[in-house]
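Number of protein chains: 2
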Amino acid sequence: MIHSDAVVIGAGPVGLWTVFELGLLGISCHVVDTLSGPGGQCAALYADKPIYDIPGLPVVSGQGLTQALMRQIEPFQAQFHFGQQIEEVTQVDNVWHLRAKSLGNSAGCAFAARTVFIAGGVGAFVPKAPALDGLHALVGTDVWFEPPSLPVHTAPVRICVLGGEEDAVQYVLALIEGQQPVQVNLLHRRDVFKASPPALQKLESARAAGKVRVIAGQPLRLHTTGQSPQRLTGIDIDTPADDVIALETDMLVILQGLGPKLGPLSRWGLQMARKQLVVDPSTCATSVHGIFAVGDIVDYPGKKKLIVSGFHEATQAAFAAAAQLRPDEAGPLQYTTSSKLLQQRLGVQAPASDT
Amino acid sequence: MIHSDAVVIGAGPVGLWTVFELGLLGISCHVVDTLSGPGGQCAALYADKPIYDIPGLPVVSGQGLTQALMRQIEPFQAQFHFGQQIEEVTQVDNVWHLRAKSLGNSAGCAFAARTVFIAGGVGAFVPKAPALDGLHALVGTDVWFEPPSLPVHTAPVRICVLGGEEDAVQYVLALIEGQQPVQVNLLHRRDVFKASPPALQKLESARAAGKVRVIAGQPLRLHTTGQSPQRLTGIDIDTPADDVIALETDMLVILQGLGPKLGPLSRWGLQMARKQLVVDPSTCATSVHGIFAVGDIVDYPGKKKLIVSGFHEATQAAFAAAAQLRPDEAGPLQYTTSSKLLQQRLGVQAPASDT
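Top line first, the protein sequences correspond to chains E and A. Quick note on numbering: the first sequence equals residues 1 to 355 in this note's numbering. Quick note on numbering: the second sequence equals residues 1001 to 1355 in this note's numbering.
Don't read these hints as lab results, they were simulated from the structure. Glycine is no exception: its CB is placed at the ideal position from the N, C-alpha and C atoms. Any given hint could be a false lead.
[Unchecked claim] DEER-style ranges, computed between Cβ atoms:
1) E:Gly-331 x A:Gln-1091: 38 to 46 angstroms
2) E:Asp-243 x A:Ser-1028: 56 to 64 angstroms
3) A:Lys-1194 x E:Asp-48: 45 to 53 angstroms
4) E:Ser-282 x A:His-1097: 52 to 60 angstroms
5) E:Gln-230 x A:Pro-1301: 50 to 58 angstroms
6) A:Pro-1301 x E:Leu-341: 23 to 31 angstroms
[As the list claims (entries may be wrong)] In silico DSS-like links for lysine-lysine, alpha-carbon gap of 27 angstroms or less:
7) E:Lys-211 x E:Lys-194
8) E:Lys-303 x A:Lys-1261
9) A:Lys-1049 x A:Lys-1101
10) E:Lys-305 x A:Lys-1340
11) E:Lys-304 x A:Lys-1303
Only chain E is shown next, with the shape it has when bound in the complex (with noise of 0.2 angstroms):
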């Protein structure tokens, strides 16, 4: 159990700037995020495409923006929990314990904390799932939303790949230029791929010579074996034709890219209105004690969803914690410009002020 003032839900830009306001304040915290990186939306959605509404920066990547964000929080050696999902949040004698699962390999994290900062963003983004009952009871046998170590069999495996993009088609090609026999199907809901000029080209080839099956269509359900443990033994694929084919499979794996999802937060008993959570926006209090939302996730009167308005509630919130952690230290506001606290805080020695 990581013991901790503060816990952050969210490595965007917005829960970046929550760890920086935190820490100008004196309170350290840890930060959860489901991707494998900072920068939430800014890194999953855009990373390279310019934004231009943050002040003072005329024109930044969703990267550069990150960047400059994890430059600027280094002197409060917030530490990163990435890959982790937040599960549940249970109080205990006043103090918020938070479970997360890890969405890779590693083992969940647990957190013991007085003040909690959802900076969920549009939600938490994990891999895009077709609804398909049964599919999550295969996850991590024969099913999976990455490219998987592939058993080593004397037969081929027969591996349906689902996906439309770079990702997917990429994957396609690597599985046909290895060393291991694999029967290939690419499914994807039409027969237009999105991916780099030579990947394409490659795939065109691959297709001409027999070495993959490209169907259009939709997965409609799983075949299994009925036994415990279940195993993938095919799918029903709904074609535009509407048709339905019956494919003999062995391993799914889906390769649909990253949506947000809200995910285990509704159901954590906080107040919601229109899938946001609302929140006071004098100090981003959500209606739960101790629990703050920030960003695109919270909805109050006049709220904007844009990332300019996230920095003054993260700046809201962060006051509002330190109110609540460090009710006898509370003082005229201070400014990084002046103040000798804020400077050690940040680790910089401002020229000598003329007094």
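Once you have looked at the hints, place chain A on chain E.
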């Protein structure tokens, strides 16, 4: 009379960000400031000092932030009116008429606008003046807040310079080293001056040579000719020893720097609390329809006087004003990363989006 959708009062960072958000929403504006250039407090108080808490800018000077924001708002071609202070605001047929007075020699502007944004910071920056009866009637003839052009006299001009910092010391040295015959008194509340070492050294030499008399004390009252037009004849000075010195002088040059004054807007009938303008944080609307206020000058529950919050307030105000000015155009929030319309307004060509 200049007609515009919007007038922004104050060209500090938050005023500049108001221009940006208005521009994104397709609203052009005029900007008025008492200072001679953009930046507000950032330029007047800490142009060269580092600021550490602007998100995405790990360290930036007041001047650097101002320059970045000026670059960022360039596409929107706001028109700036510097050295002007809005004196009067009156409403005529749902339009606000604003009358500015010039703090220099130019004519004051007049504006007609449906929306007004007060980004007044800690107040308008105006020269710090001693409280002396009859002072303002002499401004521009015998009392100056900037180094005046000296009249050509055969007899030496008797000048009293009021101030204790670099500006005042440098002006005294320039007078001594100039061609004009002058008799110079340097008046400051105590015999300690804050200036660069070379300037202080020159001042010492000048004192030793009898070229300047330094008087420690505070101006108490002015003596004038008593006829119209009034002319200055002398100043009574209260010295630390409680003696009053009567100093004969033809000219008083006040170089005590700039200080913020709430100024005329305290008479505009806007609801105030503790010298702040009360706003609805969801819109940053003041108590008067069409007048918005943002930044350090406003108050609402939880208000922190931080630039990061001012940026958010400017955004809220711009959206609320757009809803008032263009009620038919309200639509879903658009993003600079993806919206062709916003990119067109910004004058940028974003990379082709992969649909």
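So, going through the hints one by one against the coordinates:
1. E:Gly-331 x A:Gln-1091: 38 to 46 angstroms: Roughly 42 angstroms apart at Cβ, these two residues keep to the hinted range, so it holds.
2. E:Asp-243 x A:Ser-1028: 56 to 64 angstroms: 58 angstroms, holds
3. A:Lys-1194 x E:Asp-48: 45 to 53 angstroms: 50 angstroms, holds
4. E:Ser-282 x A:His-1097: 52 to 60 angstroms: 35 angstroms, violated
5. E:Gln-230 x A:Pro-1301: 50 to 58 angstroms: Holds: the Cβ-Cβ distance is about 55 angstroms, inside 50 to 58 angstroms.
6. A:Pro-1301 x E:Leu-341: 23 to 31 angstroms: 26 angstroms Cβ-Cβ, so the 23 to 31 angstroms window holds.
7. E:Lys-211 x E:Lys-194: Holds - the C-alpha atoms of E:Lys-194 and E:Lys-211 are around 20 angstroms apart, at most 27 angstroms.
8. E:Lys-303 x A:Lys-1261: 32 angstroms, violated
9. A:Lys-1049 x A:Lys-1101: 31 angstroms, violated
10. E:Lys-305 x A:Lys-1340: 18 angstroms, holds
11. E:Lys-304 x A:Lys-1303: Given that 27 angstroms is the threshold and the Cα spacing comes to 18 angstroms, the pair holds.
Of the hints listed earlier, those the structure fails to meet are numbers 4, 8 and 9, in rising order.
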